[in-house]
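Work out the full structure: start from the sequences and follow the hints.
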Amino acid sequence: MLSRLDNNSFHVTNIYGPSHSPEKLGFVTWLINLDTTEFEDWIIGGDFNLIRHPENRNKPGGDFGEMNMFNELITDLDLTDIPFSGRSFSWSNMQADPLLIKLDWVFTSSSWAMSFPTTFVQPLSKPVSDHIPYAVIIRSSIPKSNMFRFENYWVDHPGFLETVELH
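Quick note on numbering: this note's numbering labels position 142 of the sequence shown as 147, and the sequence is numbered without any gaps.
Hint data in this document are derived by calculation from the structure and do not stem from the laboratory.
Cβ coordinates follow ideal geometry from the N, Cα and C atoms, glycine included.
Keep in mind that the hints are not guaranteed to be accurate.
What follows is a set of in silico ranges between Cβ atoms, one per label pair, in the way DEER data are often shown [said to hold, decoys possible]:
#	residue 1	residue 2	range
1	Pro-103	Thr-18	28 to 38 Å
2	Gln-127	Pro-65	25 to 35 Å
3	Thr-123	Pro-27	35 to 45 Å
So this is what it looks like as structure tokens:
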């Protein structure tokens with residue numbers, strides 16, 4: 006993709022990870038083997054169906070082996086987690102006493118922050134789905150120069166001509 010602001014290219018990868026444990030190792034292996042050498046500015050996000058820490062669930066549980074595998078993937082790919090604003094969990098089993106888990110993640114390459122320093126994830130209102138929809142807001146900070154204004158009253162100042170002649 007190209008940024009409309011500066012025509013710099015960036016890469017986007019959308020993820021839908023397997024929900025069954027036997028398939029997760031193959032999924033993580035596939036991600037590790039992605040050729041990301043050309044992905045200088047890269048954002049990857051979606052439903053990974055993996056958690057990083059026990060606190061990514063509102064109830065005890067989770068597979069520590071899968072957590073370690075996921076965290077090693079993030080380290081190996083040198084990714085930075087872009088947290089969701091105001092939400093700890095992104096999925097619910099929609100029961101009376103719900104299980105809440107953060108399964109959806111957005112990560113960026115280490116160089117991303119230089120090009121898009123104000124990237125954040127904004128959860129949207131919850132529809133019928135068991136996942137919270139979200140928008141990734143990507144902005145680049147472009148410094149605005151101060152506009153010079155000539156004020157007519159300056160010419161009436163006693164030192165105006167001397168100052169202008171010096172500079």
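Status of the hints after comparison with the structure:
no.: 1; hint: Pro-103 with Thr-18: 28 to 38 Å; in the structure: 29 Å, holds
no.: 2; hint: Gln-127 with Pro-65: 25 to 35 Å; in the structure: 29 Å, holds
no.: 3; hint: Thr-123 with Pro-27: 35 to 45 Å; in the structure: 40 Å, holds
The structure meets every hint from the earlier list without exception.
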